[in-house]
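Q: What follows is the residue order along each chain.
There are 4 protein chains.
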Amino acid sequence: MRQNERNRGRMLISCPDRPGIVAAVSQFLYHCGANIVQSDQHSTDPEGGRFFMRVEFDLPNLAEQLPQIEKRFQEVADKFQMVWRMTHAGQKKRLAIFASREDHCLQELLWRWRLGELPAEIVMVVSNHPDLEPLVRPFDIPYHHVPVNKENREAAENVHLELLEGKVDTIVLARYMQIIPPRMVQRYRNQIINIHHSFLPAFVGGKPYHQAYERGVKIIGATAHYVTEELDQGPIIEQDVQRVDHRDQVEDLKRIGRDMERIVLARAVRWHLEDRILVYGNKTIVFS
Amino acid sequence: MRQNERNRGRMLISCPDRPGIVAAVSQFLYHCGANIVQSDQHSTDPEGGRFFMRVEFDLPNLAEQLPQIEKRFQEVADKFQMVWRMTHAGQKKRLAIFASREDHCLQELLWRWRLGELPAEIVMVVSNHPDLEPLVRPFDIPYHHVPVNKENREAAENVHLELLEGKVDTIVLARYMQIIPPRMVQRYRNQIINIHHSFLPAFVGGKPYHQAYERGVKIIGATAHYVTEELDQGPIIEQDVQRVDHRDQVEDLKRIGRDMERIVLARAVRWHLEDRILVYGNKTIVFS
Amino acid sequence: MRQNERNRGRMLISCPDRPGIVAAVSQFLYHCGANIVQSDQHSTDPEGGRFFMRVEFDLPNLAEQLPQIEKRFQEVADKFQMVWRMTHAGQKKRLAIFASREDHCLQELLWRWRLGELPAEIVMVVSNHPDLEPLVRPFDIPYHHVPVNKENREAAENVHLELLEGKVDTIVLARYMQIIPPRMVQRYRNQIINIHHSFLPAFVGGKPYHQAYERGVKIIGATAHYVTEELDQGPIIEQDVQRVDHRDQVEDLKRIGRDMERIVLARAVRWHLEDRILVYGNKTIVFS
Amino acid sequence: MRQNERNRGRMLISCPDRPGIVAAVSQFLYHCGANIVQSDQHSTDPEGGRFFMRVEFDLPNLAEQLPQIEKRFQEVADKFQMVWRMTHAGQKKRLAIFASREDHCLQELLWRWRLGELPAEIVMVVSNHPDLEPLVRPFDIPYHHVPVNKENREAAENVHLELLEGKVDTIVLARYMQIIPPRMVQRYRNQIINIHHSFLPAFVGGKPYHQAYERGVKIIGATAHYVTEELDQGPIIEQDVQRVDHRDQVEDLKRIGRDMERIVLARAVRWHLEDRILVYGNKTIVFS
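Chains as they are written, first to last, in the numbering used here: chain A, -4 to 283; chain B, -4 to 283; chain C, -4 to 283; chain D, -4 to 283.
Rather than coming from a laboratory, the hints here were simulated on the basis of the structure.
None of these values were measured; they are calculated from a predicted model.
Warning: the hint list may mix true and false statements.
Identical copies carry no separate label here, and so any pair may be met within one copy or between two of them.
Stated by the list, open to error - In silico BS3-like cross-links for lysine-lysine, where the CA-CA straight-line distance does not exceed 25 Å: (1) K162 - K87; (2) K278 - K249; (3) K87 - K249; (4) K87 - K74; (5) K145 - K87; (6) K88 - K278.
Only chain A is shown next, with the shape it has when bound in the complex:
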């Protein structure tokens, strides 16, 4: 645990907007002895809209104090009808990464994780292919090869759910080329991050670089989003783009796209791990 994580807490709040929320929350934290080190807020509409807030604070002996503080805060929360949670930065989220054959997103995440950019415990890599096992081995992370095909799909999904249960908070699909079943989506609502290799909502579904090539776009993109029951329709977390031109064949688009996929996915995962994302309807509020 890094020094500045030991006593660092985060609070995420969503409630109907009305006067007095910031005052109540900041007073509460002040009386707890917490020092606010970052605070972000957003209101969809000061008149009758919804209010969102993220506070990062330092508080001595946070780990011991947190249960007590949470209990006391419920009173403030009730008054403002808040949906809320507190997290402890020192309590890292447990991550599973799903991949298939392409290595660039998986490798990017592992490299950034080793460098300390991704505050997580990576508890496993799951793949429907054995190919990426050598890449993962030096990181000393368990690699589960779970083949998926038409015949065994449901059984494979059972294996996935068992592997994850109780061990994992967040799932990252690092170019995992299989559909995620509704029961897994429901079990890990807003906890599964996918990288789609197009600038959504353009080019939903399969072979987006082929689609982009056919349409003759001058810019291509990548999109990180939470997975929902509808394919490529979940709340968008982050997007980025790159310029292309008539000389770029599908293979070039794939090459150019890989760079974006890596960076966009890594940003989205970092924000998720640092509790910077609030989902509202089918959109995200990112306090980056």
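On the provided structure of chain A, position chains B, C and D as indicated by the hints.
A: Just chains B, C and D, lined up with the frame of chain A:
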């Protein structure tokens, strides 16, 4: 006519790819006494693909010589089954700008034109509203107010076609909020440039900023394209994007988008006027 | 005055960081009956650093109440050693624009102002040349032609100071090609915004596009900054860049650069007018 | 060797501009039986300037034919006073990568190389530290640990030159934190590529992220350039930038900067390996 336009010619060629094309064209121009000042080419596939070429050259007394040169070049063209044309930079294209109520794209074009960035003769502005007439007046360009509504649509289109006939080569839709009828599309094939206020193919049709807001995208865009019979489906000439976030309401997207619309449209129009665009299938090759 | 400006107030605070600041400010505003609609904060270091805060709030009858509120807030301010100010969004800043011969930045500001993007009263345009007077005339803004040359420099500066005194809060240098004298800098500290046509700190001083061309950079930029006594060394407010390549001559860099200058300057001016900028040392904090 | 590299040749030409160059070169290649698959050209000025050309062509049995073709082309070259060279895409450049302790640039190059994005033979990694040896081991590339300090500097440079001599064409400094001595610069003129972690010419020399932080810039950059005798003054190959703001501390700038450094260096190296760069004075022409 600026000095460097007087003897500046351009040649645009498209033909099946095979060895010897560049040699034949460059030999031809050399023997005519022309000096190549810029040359761009593209092949969709050296084996059995299509070859595209744009040459810019200087040749003394170009205006007088051009008809003769065109006649002589036909022999080379026949040998390689070329679709081709030569243009004289000093012979500016004649432009009509269509607008409705929003002024930003129209103003941008007029300002750049006055500054010498757009080598065209702007022969008229056509609008279904009278609002922008004061903006156009100082530029001494005729402003035709042609109201369009459900009842008079066909009559209005007749007026348009008569206004344009024989006077205009290129039509720019500078946020003109009316559908262009098939007969005008056919009459001015690949000569009508529209600016769509989204990153196509996302958010086709009406109210794209509202659509973008609803979907919660993190980047918005603008797209300049040639108008075809299918709404917002024509060959894309240029696109650009800007980052937005959860704080941006529809009005902010419109404000941010205006800057892109202006710049993207101006780029596309300049490239068109300088004969830098070749249309191939439903795509463009832009030798910018 | 637009509806949402009538009762909209803003508060800018800077003070040594310590626990309780947000709580004190938000409690104060709550007890005044104000509704916080936006709040941003930044700490250079939670331990012994400096804390910055900007709050936007709505309060009925703000205009009448403001003097009273300011008086009462001084107690809170004293406790935390705050440097602070409150502004009323309905009380627009009074702007003077200085320009020389190039029109693009001036025109951009006037156009955005007419569109409502720049909440200011533009009280005069000052130029050392008569050229841009026709551009300004339709906007019904006084145009003061004050020639400046080696012989009359000091007299001209006197004219400037007299013109501005008591009438103007903010000065925008829209490609004004004269040095601003120290006495004007001191009189309007952090109120004079300049657009420099390079990506500062690269290419300080004259002819930055020539310098960029000579150095062979692959990206050029523009920088909006507050004017200080040292040329091109003031706090940077905003920057943006565009890609260029070996084909771009100095004239192309100027053309490409104009688009950036316009947009970067307009952004900086809008943020200044909306009290979104705090200057700290030689840097800015922009709560955009 | 990939299929499309076996018979793929490249020609790089620089000469005084005058009519007939393109015709002569394309005729020559046509008569050799070559098919031009890509051709780019640039003239600093059609009147008395310098002309640059890059041609990519396919020719059966290129390897055997190349010496003969080069010999015959000398006649054309003499006529136009050309500086020129032909290369065979199948004859990959031999690369040495120099690194110190930071792994991101080295890893990026190795990963892209394994993926086939960098057409080179990587013959060695040289480092003044042992730290990165484990990273290189799985790629089966020799890792030479050559410590460098004040006392042994000249001896270390001798070791470097011996290691490289006859084995290496191109040297990439992947965040190698030592000065390259003039004798190595001269030996590998325009063959040593460095990545500097700032947007040159801003922030030359050491600790550029600290410099950027101090100056309060709103955008940071990275620059790949050829190494010359003057520190950070060599011809710029490629640059890219990222937006930052007041919240970003030096550590954040480093993190954001790493992503640019990786991508900018990889682009520059790929262009170099594909013979897409011509150096002219202290600038580059990149036919990307």
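Q: Each of the hints needs a verdict: does it hold here or not?
A: Here is what the structure says about each hint:
Taking CA atoms no more than 25 Å apart as the test, K162 paired with K87 passes inside one copy only; the shortest distance there is 12 Å, against 48 Å between copies. For a Cα distance limit of 25 Å, the shortest separation of K278 from K249 across copies, 19 Å, qualifies, whereas the shortest one inside one copy, 27 Å, does not. Proximity of K87 and K249 under a CA criterion of 25 Å is satisfied inter-copy only: 23 Å between copies versus 33 Å inside one chain copy. Within a single copy, K87 and K74 get their C-alpha atoms no closer than 30 Å, and across copies no closer than 38 Å, so neither meets the 25 Å cut-off.
For the homomeric pair K145 and K87, neither the shortest alpha-carbon distance inside one copy (36 Å) nor that between copies (44 Å) is at most 25 Å. Within a single copy, K88 and K278 get their C-alpha atoms as close as 22 Å, which meets the 25 Å cut-off; across copies the closest is 36 Å, which misses it.
Comparing the model with each numbered hint stated earlier shows that hints 4 and 5 do not hold.
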